[in-house]
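Chains A and B, in that order, give the protein sequences.
The opening residue of the first sequence carries number 441 in our numbering; numbering runs sequentially from there.
The opening residue of the second sequence carries number 441 in our numbering; numbering runs sequentially from there.
Quick caveat, the hints were computed from the structure, so don't treat them as lab data.
Among the clues, some could well be false.
One copy or any two copies: either way a pair holds, since identical chains are not told apart in the list.
Stated by the list, open to error - Pairs of lysine to any residue residues, derived as SDA-like cross-links and limited to a Cα-Cα distance of at most 20 Å, are as follows: (1) 777 - 732; (2) 465 - 661; (3) 777 - 714; (4) 705 - 724; (5) 777 - 767; (6) 502 - 702; (7) 718 - 700; (8) 479 - 570; (9) 502 - 712; (10) 705 - 501; (11) 563 - 663.
Protein chains: 2
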Amino acid sequence: MRTALLAASAALALTLPAAAQEEPKGAPAPSEIVAAAPKADWTAIAAEDLLVMTLAPDADGKPRTVVIQLIPAPFSQGWVHNIRLFARAKWYDGISVNRVQDNYVTQWGDPNYDNPEATGKPKPLPEGLKVMTEGEYTSHLTEWQARNRQREKEQQDRSQTIPIIAPVVRDPYPKWHGSDAYASWVDFYDGWAVASAGQGWEQIWSPTHCYGMVGVGRNYSPDTGSGAELYTVIGHAPRHLDRNIALVGRVIEGMEHLSSLPRGKGDLGFYTAEEAAKRTPILTVRVASDLPAAQQPRFEYLSTESETFARYADAIANRRDPFFITPAGGADICNIKVPVRRVAD
Amino acid sequence: MRTALLAASAALALTLPAAAQEEPKGAPAPSEIVAAAPKADWTAIAAEDLLVMTLAPDADGKPRTVVIQLIPAPFSQGWVHNIRLFARAKWYDGISVNRVQDNYVTQWGDPNYDNPEATGKPKPLPEGLKVMTEGEYTSHLTEWQARNRQREKEQQDRSQTIPIIAPVVRDPYPKWHGSDAYASWVDFYDGWAVASAGQGWEQIWSPTHCYGMVGVGRNYSPDTGSGAELYTVIGHAPRHLDRNIALVGRVIEGMEHLSSLPRGKGDLGFYTAEEAAKRTPILTVRVASDLPAAQQPRFEYLSTESETFARYADAIANRRDPFFITPAGGADICNIKVPVRRVAD
Chain A
441 MRTALLAASA
451 ALALTLPAAA
461 QEEPKGAPAP
471 SEIVAAAPKA
481 DWTAIAAEDL
491 LVMTLAPDAD
501 GKPRTVVIQL
511 IPAPFSQGWV
521 HNIRLFARAK
531 WYDGISVNRV
541 QDNYVTQWGD
551 PNYDNPEATG
561 KPKPLPEGLK
571 VMTEGEYTSH
581 LTEWQARNRQ
591 REKEQQDRSQ
601 TIPIIAPVVR
611 DPYPKWHGSD
621 AYASWVDFYD
631 GWAVASAGQG
641 WEQIWSPTHC
651 YGMVGVGRNY
661 SPDTGSGAEL
671 YTVIGHAPRH
681 LDRNIALVGR
691 VIEGMEHLSS
701 LPRGKGDLGF
711 YTAEEAAKRT
721 PILTVRVASD
731 LPAAQQPRFE
741 YLSTESETFA
751 RYADAIANRR
761 DPFFITPAGG
771 ADICNIKVPV
781 RRVAD
Chain B
441 MRTALLAASA
451 ALALTLPAAA
461 QEEPKGAPAP
471 SEIVAAAPKA
481 DWTAIAAEDL
491 LVMTLAPDAD
501 GKPRTVVIQL
511 IPAPFSQGWV
521 HNIRLFARAK
531 WYDGISVNRV
541 QDNYVTQWGD
551 PNYDNPEATG
561 KPKPLPEGLK
571 VMTEGEYTSH
581 LTEWQARNRQ
591 REKEQQDRSQ
601 TIPIIAPVVR
611 DPYPKWHGSD
621 AYASWVDFYD
631 GWAVASAGQG
641 WEQIWSPTHC
651 YGMVGVGRNY
661 SPDTGSGAEL
671 YTVIGHAPRH
681 LDRNIALVGR
691 VIEGMEHLSS
701 LPRGKGDLGF
711 YTAEEAAKRT
721 PILTVRVASD
731 LPAAQQPRFE
741 YLSTESETFA
751 RYADAIANRR
761 DPFFITPAGG
771 ADICNIKVPV
781 RRVAD
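All chains should be modelled from the sequences, with the hints used to inform the complete structure.
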């Protein structure tokens, strides 16, 4: 008898061999909804917005590549500018993963910069870096809000059923957005989960510190970081960092190469001097558009404005596929991972 | 210049060397509040409620031990009975970690039971296992609710400031509990984060699928699992599993030995037959009270009814320590990790 053992995550189809216990019939799983999405619901990611980070091969000699999607305007564009500049100056080549703190972050940068376990001199920074203010952790999105209000009005008029993401706000009609412990409003903006602190036209928006998001290490305020030190979230979303630090992208391939690294034994998960051999070398970081055309990876994401995405989010909030007996009735914004897929050449 | 790079997690003090950039003065970090807790705020965990799981040594020959705290009554006690029975029958000795799915779970059990990659016959189960119903995924806590109501009334009378965990519910007075996308009520019950689906006296409570929680793999409904297959959460809390599966405890030491394992390439993160060498062997699992007294680990948790815990939760929801410029004003229940510490002999 073959069994499910534990339900598939949203990102993975529950595909079990034929010898399995007969699977009860039910509604499609979120992954099945995504798999059936029409081509038109997918949006290509520009090669200029992809970073290809090559780590040293693993202990078995297998290559390790991580692909990061940079966040588009209006978010964090000063830091994104710097990151492309670091990559093009080949400044990231030869740095390493210096910190892995369980249920928090994996962080990479110059092992001799601001590292309690540093043994050498820090690498000089390239010319042309921008310096950002703390105000740039957030953005106004007035045009988008106007568009959303119009859409909501239309949906109300049509009495259309669209998903309740966070049903804590029990509005008379369901809508795309919700609220949570960290934000008065959470929503999706052009493929990214965003959160707002204000109300109405005073809203300021920030990207959310979900699993796999990439951010910029910084010093104490008013320092905002340059992009020389980057980290990715490897545990439960540390959303208290939203509006306190710049988010610049997300890992869209190879996340396991960063999340499964040994945890550091030093303060904050830094590898100690005795553990220096555990620092994973970063061989190269390239903007995909700078690679020869044949080597450029191609990715696309499921449009968060599409009907498919609405059904996907609804299915996550109300799992009706066979494993589940009690649908949750809601979902945390970080559990509604925007589907991203690699496109064959 | 020495810097913070990225703020410490709640669980780890921000202790940096003296050469650091001068740290701005601020309110204590959550970890500092916990470190200053009076002894009376800590509650001992009974040795009968601790499982000591010894994995095979790592690639460097270093021992790997994981300690799990079993959940107390009224939650999941049928499964907890079974788990002690499996341990005492030494049934778990020689099983392995068979599945590691990124941002989801690490799962261990008999590699020949319900594993798409099985090559041998499953191990016979011990005698005396209980069979539970789905109704046992949740519990009524009427006595506790009455106690809470009395406490709230007193607090209202004293106009005392206590933390807002999820400020989405903007009550006229702050209180301990909150609500989120998954539950009408989230709170702490005798050291555990719990969530409720109902309202008032109709409330049914379940433990929450936070990072490090341990649950029971199961087949399709109406199967509820025996405890032979266990998993722990290694990513963002899959709270949609609450009320759908039995939670039986949490990892309180050695979590990194389960979270940093290589991810499986098979369906649902199972190791494929070609990856069989990656299955981490579990040498032994013992109930701590069965060990010789000198080998029994001793742990205690910070009482969730203590004043210290209230200040700790408040400090997590409103980070005022120096790294932060914008306190969140709230916190997800899974980011308010109940502090647990090892006690010296």
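Now the hints, each set against the structure:
Taking the shortest alpha-carbon separations for residue 777 and residue 732, neither the intra-copy value of 30 Å nor the inter-copy value of 47 Å comes in at or below 20 Å. Proximity of residue 465 to residue 661 under the C-alpha cut-off of 20 Å is restricted to the inter-copy arrangement: shortest distance 12 Å between copies versus 55 Å within a copy. In the homo-oligomer, the alpha carbons of residue 777 and residue 714 never lie at most 20 Å apart, since the shortest distance is 38 Å inside one protomer and 30 Å across protomers. Taking identical chains as interchangeable, the C-alpha atoms of residue 705 and residue 724 are never at most 20 Å apart, the minima being 26 Å within one chain and 25 Å between chains.
For a Cα distance limit of 20 Å, the shortest separation of residue 777 from residue 767 inside one copy, 18 Å, qualifies, whereas the shortest one across copies, 25 Å, does not. For the identical chains of this complex, residue 502 and residue 702 are neighbours both inside a copy (17 Å) and across copies (13 Å), given an alpha-carbon limit of 20 Å. In this assembly of identical chains, the alpha carbons of residue 718 and residue 700 lie at most 20 Å apart whether taken from the same copy (12 Å) or from different copies (13 Å). Taking the shortest alpha-carbon separations for residue 479 and residue 570, neither the intra-copy value of 38 Å nor the inter-copy value of 50 Å comes in at or below 20 Å.
When the C-alpha separation of residue 502 and residue 712 is checked against a cutoff of 20 Å, the pair qualifies only between copies, where the shortest distance is 17 Å, while the shortest distance within a copy is 26 Å. Proximity of residue 705 to residue 501 under the C-alpha cut-off of 20 Å is restricted to the inter-copy arrangement: shortest distance 17 Å between copies versus 25 Å within a copy. In this homomeric assembly, residue 563 and residue 663 come within 20 Å of each other (Cα to Cα) only inside a single copy, at 19 Å, whereas the closest approach across copies is 58 Å.
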